[in-house]
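Given next are the chains, with one letter for each unit.
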Amino acid sequence: MGKIKSAIITALLVAAILVLALFATISIPELPGSNGVVRYNSFISGGIHLGSDFTGEAYAMLYPEGVITSADYYLVVNDDEAENKQEYIDKYTSRGGYFVDNEKLEDEKAFKESILKDAEIISDRLSQKGYSSYSVTVVDGYAIKMSVPTNFTYAAYKSYDNVKRSEELTKISTTMTVVKLSGKLGLRDGADFKTSKSLVSINDDFGSFFKGASMGGVAGTYFFNIDLTDEGYESLNEILLSQDSGNAYIYIGETSLSSAINFPTLSLGSPLSGKILQYSSSENFAQDASIIFSSVIAGNVLTNKYNNDDVNTTTQIVTVNSVFGDMAAVYLAVAVLLVIVAAIVCSVIKYKLLGLVNALMILIYALSLITSIMLLNIQLTIAGAFTAILGLALLCFTNFYVFETVRRETQAGRTVQASVKLGYKKTLAGVLDLHILLVLASLILSLVGVGELAACGLIFFIGSLASYILYWFTRFMWYVISSPVKDKFKFGGFAREEDDDED
Amino acid sequence: MKTEFRFSEKMRIFAIVSACLIFIGLILGTVFHFTIGGFFNYGGEYSSYNTITVSYKYVEFGSEEEVDKLCKDVFAENGVSSYAYTSGTTNVGGEIEYRFTCDTAFSKLNGVVDGINTKIATVAAETSSVNQSYAAAHEHKALLGGERVLMMGSIALATVVALQLIYCAIRFKLSGLMIALLADAHNIGIIVALLAITRVPVTSSLLVFGVIAVIATAIGTTLMLDRIRRNAKDNSEKKLSPSEISDMSARQNFKSNICFNAFLAIIAALLFALMSISSLSPIAIISPVLTALVVFIACGYGSTFFVPAVYPYLTQADGKIIKLIKPSQKKAK
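These protein sequences, in sequence, are chains A and B.
Counted from 1, the first sequence has number 413 at position 432 by our numbering; the numbering is strictly sequential.
Just so we're on the same page, our numbering is the position in the second sequence counted from 1, plus 10.
Don't take every hint at face value.
Unchecked claim - 16 Å max Cα-Cα, derived EDC-like pairs, lysine to aspartate or glutamate:
(1) A:93 with B:149
(2) A:256 with A:219
(3) B:67 with A:53
Said to hold, decoys possible - To give a feel for the contact side, a few chain B residues facing chain A, derived at Cβ under 7 Å:
(4) 65
(5) 67
(6) 68
(7) 147
(8) 163
(9) 165
(10) 236
(11) 270
(12) 300
(13) 302
Hints are computed from structural coordinates only; laboratory data are not their basis.
Idealized CB from N, CA, C, for every residue including glycine.
Between the sequences and the hints, there should be enough to build the whole structure, so can you do that?
This is how it looks when you write it as structure tokens:
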């Protein structure tokens, strides 16, 4: 390859890397020409969703009917002008940090057991969300605390991107509203429980009409399916056709799903189109709907109603900072940057100009991983970052393994071109089957694993795939960049074999 | 004269070190299981803990710092200290949660709560007639939730191990399968023992690091077996014993093995150092990062020292080490 061709290819590649690196890492607080109102968030700041390690958690407290906080209790009891002061004193008894209705304490053990069982069902429902981490704790035996990652990007966490922040909080709020729904499935003719009447006979269990629920997605459009049993299909059709017009509202307990989460209604007077009810929606909605339907259909019904009395009326979402501190994500970025710089410096010291080829591969690897994590919406946690670095180690290790083999071949007296050819030939089998093993292993992890494990599996899948592709690209760029160089031994930092005849 | 380290001669030492470590880990873990309620020190989403939660309203307290200072003063007066705290805000105020270990006496926490409420009432009296901010002590009992996460994770881990074993069995025959099995069992045993001994808080990330350990072991084992096969082929005329070939291969791989695991361990240490600077709580920083450190130390030790030392003893009895070379390759040689 000629000097010009080599220079053009190298320049194009370096320019592409630089441009992508700029977009990936540099945020611009005020975009020129936007009167200071538009902010550009880089890929790593505005595109990558971070786990609770970096952007904290959102939690909600669930109080069953008859349980109030000490703050709510004393707010009334300490107020001498409050009309219901005496009523509170007579009604509630202190238990841990809460006050519990005396009626509930008549069978205190059963009440506490029912809360514990509810917490287990809620935990099971949340486990299907695929969160990288979440927790459900029973507080003092009388309340439930559920915590989930905020899934903020760094820009959303720092309130640079309030639209995304609010989107994520809305998703969490919807999920928490859904997973705490108590009671069985029902079908009524109105959105208000008190004024509507049940369309299903008191002897029938509406939940038994269904086989199960699932969600799916194609090209960014999501949907959820509810499968009816044969008998359920006939019975539901009968119910719908027994009325002339109007809407049938699906309920869980006393909550209409259409008012809680905008769940679609069924049309009265019209027959069902098939045994599968399919609705298209956003990903989060489809997931939430399929989780709650599957859970209730399987008979996992919460016994108590939560945040549903006069005192606790809403489920307040509280966002808390990461226990690693506000700067955790920045420090992670610094650590990763140091690792990349160290890997580049080491390869340049050991392999001279050939080390620069490896440096290019490291940068391409880093950028492709950042872009993939962003595009695939993978939530990044500390374990995920380690997995990405493991992929980087694999790439460097593979390249160094080849470089060393080539070095040995040059020491055996071969030319660099011959050594490269032989080096790649000798290492191909090992490198190829190691990568096949790792790609398969990571694919299994991403498909079988759940939450953080699945995310890490996906990251390592991309990482090991990139490592193998870059193994070949290294050879190409080695050829391109070293073509105009006269001393190819010096290019790779290889020692030329001494010619015995010269002595 | 340059002396070469012979891994196989130190087999007994490595085997004793590993066995002792695993034994101590299992014993200590079992003792901890019955005394302090856990083989591991379950952290994060699996831990039970006590809290003091302070809900405050902006009408009484302008900022979180004011409430925090007030609480810290009471903690100091009562001689208690929290191991972590989180804070969050709502539209009308905020909530600070101070976490204490389960061992912290609840009666003591109630005393602290009374102290905080008295101080809050004094401050609140200046701004509102009825005190709206309030502190309470709570006992949080964690559910070992996410059984599905654990189950699916375990299935994934087992599948990856099975895949690695099948790969080694196909590529390196019976001796490959045996060494892969031994390497996995050894490294995972060491990780479990170290986690039980060091009481590093175990979170859901452990599954991820468990898989990373298997992957790192697979890489180390494959490269070593590859090297043994190549050395056995290249030195077939010298009639080297399996121990000599294994030692030679281990020495050749020593640098790269150490580099690979040290690279990852150094990253864990680097993250640990950086996170320590930013962390709000000292206990939180040591969970995932230290787990990573434990994993890479175990894998580094296992792949670099233990496996090469034990390998010849697994294979030399019937000379299987030589069988790593395919008959066709022998012929070509």
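Here's how the hints hold up against the structure:
| no. | hint | verdict |
| --- | --- | --- |
| 1 | A:93 with B:149 | holds (14 Å) |
| 2 | A:256 with A:219 | holds (13 Å) |
| 3 | B:67 with A:53 | holds (13 Å) |
| 4 | 65 | holds (5 Å) |
| 5 | 67 | violated (9 Å) |
| 6 | 68 | violated (15 Å) |
| 7 | 147 | holds (6 Å) |
| 8 | 163 | holds (5 Å) |
| 9 | 165 | holds (6 Å) |
| 10 | 236 | holds (5 Å) |
| 11 | 270 | holds (6 Å) |
| 12 | 300 | violated (11 Å) |
| 13 | 302 | holds (6 Å) |
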